[in-house]
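The primary structure of each chain is shown beneath.
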Amino acid sequence: MAVVYFPLEFLRRFTSLSGSYFREKKIFDNMPGIAEWRVESEGVAIISIAGTWSIYEKHPHAEEFIETIVSKSSIQRIDLTFVDLKGWDSVLINFLIRILTICESNNLAVNGDNIPIGIRRLIELSKTSPVRSTLPTSKKKSTIFEFAGGAGLLIFLSLKNFLGFMGKLHGGIISFIRGKVKIRGQEFAVMLQDVGVKALPIVALISFLVGLIIAFVSVLQLSQFGANIYVADLVGISMMREMGSIMTGIIMSGRTGAAFAATIGTMVVNDEVDALQTAGFSSIDFLVLPRVLALTLMMPLLCAFSSFIGITGGACATMFSTSLTIAQYCIQTAHAVCLNDFFVGIIKSCFFGFLVATIGCQKGLQCERSAEDVGITTTTAVVTSITAIIIMDAIFAVVFSWFGI
Amino acid sequence: MVIKISVKNLNMSYGNYVVMNDLSFDVQQGEIFLIVGQSGCGKSTLLRYLLGLKRVGRHKIFYDGTDMNSMVNVPGFYGKKIGVLYQGGALWSSMTLAENVALPLETYTPLSKKEIEEIVALKLSLVGLKGFEDFYPSQISGGMQKRAGLARAMALDPEILFFDEPSAGLDSVSAKRLDDLILELKESLGVTIVIVTHDLASIFAIGTRVVYLDVESKTITAMGTPHELLASSNDPNVIAFLSRGTKAV
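Listed in order, the protein sequences are those of chains V and E. Note that the first sequence ends on residue 1365 in the working numbering; no numbers are left out. Note that the second sequence ends on residue 864 in the working numbering; no numbers are left out.
Do not take every clue at face value.
What the hints assert, rightly or not - Examples of chain V residues lying across from chain E (beta carbon under 8 Å, computed):
#1 Lys1046
#2 Asp1049
#3 Ser1050
#4 Ile1053
#5 Asn1054
#6 Ile1057
#7 Arg1058
#8 Gly1078
#9 Leu1082
#10 Ser1086
#11 Gln1326
#12 Glu1328
#13 Ser1330
#14 Glu1332
No lab work stands behind these hints: they were computed from the structure. For clarity, every value in this text was computed on a predicted model and none was experimentally measured. Built from N, CA and C at the ideal position, the CB exists for glycine as well.
Using the sequences provided together with the hints, build the complete structure.
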């Protein structure tokens, strides 16, 4: 590509202008950034830079461009000239830095006197940055033993943290029972409403559908034996003993446990938890205790509600798909379900509520100081809560069968 | 002088609560324009209006003579036309510093991966963070986060840079270093810079022109160079603000 050369005096004036000149003038034609070189005299190559150098336009790449010049052993020095340079941004600075670096590593002298002053200042500024050589994390590939050890250590530390947290929480509960810690009444009432009353619609919907599904599946099987009446037994017992408490626990994990983790996690990010500590408040007493108490108190009520709605759903499905009447269904349910079944569900839901709230709060307090960590904390809280609920339910199943309940 | 931003009879409010009335001023190309005033006067609200984060009626704010309303939804307005450094840096916490700076380049330019890496390294070295490419925002100090935020704001070489309280939360040495960097960018790149601040040292060190938002009269009561205003303003609030209450009219 041809390069037009201007008289020397004009060239000097032109190249002494800063980048602002080009921005002010706005003389952006469509000529992209170009760089050409030629041998002027023996041992001296002249690189001419022209056009508009923009990150949005095509432009030469330093490595490809300088390769042929460097390969010629006869060239000892490079002169940089800027002819008809219409505009520039970071790509030209980067181009020149690369040229200067490559020439330096190949012991080639560069005359950069004509570099526009704005570009020269930025190149100098970039050189003044201190270099940090160590990285915060090593990306070394770990062996399977290291991985297993790391995972084991992580589980151990998580357990240790959780037990430590439980210890503090129990200390808080004992202080509360002894009257040494007071929970602010109005806030606690609002919390009860949040975790209890406001959860009713979602608990109702899920429980109704679960009851409905159990009934439909049962009708399909039992109708083959003419035993439709036992659908009421199946729905009643499963909702009272298992599904009511488990479904409520899972809903509360996703709804309330996640909310606890996100709220407290955000408070950690905003230094609010530190502010509580330094103001003399215990984060356990102030943040965790009301939440744990609220959810532990509300869960049995939600579980009872869930069981009732589930049985209603089962009744609806049975009436639609069989010839049973609502009276027959109710009488059969009353015969099948005993008080033990009801209390099994209620006791389990108390533990589930305690678990969900404790895990949510603990994960929230462990949150690191970034927005991403709040997301991770919330996800971990939900996953851990659901896993803990299932494990706890399995333990309850063994214990209850042991005692014949 | 070319006018980069023009504000004409802008009224700012939150619902029925009027924050500022009848604001009119121009920002010229290549200057460092400061928006100052007492706490609660509406500086940050004005910045949000200028950035298009709060919607404004037609013919109130113009960029290069074009109504802002017709520009904010055009791809590239943010990044190419304007870059913003937020008070806390506002870096994306899930990304490393290099990824933070590289994202606009990857999205809006046809540059190769290698070139993007080089330009990211250049931008970070310009703000004194060479070698911190692989660090996450949570692993660096507040001052460094601000500088990394500036590198990200400059990623696409915008024509106008906005700064929200750049020296807030910084020690005096770091604040001075950031001021020097802002001056250097203005001198070298010729970018137009708009800064919301109430840091007196910065106002006098780097400000080309200052607009003072008065919290009592809810409008602009003074505009000019910082030294001019301190020497000759008749407004006692302006004098008190610029002299930290030590000088009376």
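Which of the listed hints are not met by the structure? Going through the list in order, the structure violates hints 1, 11 and respects the others.
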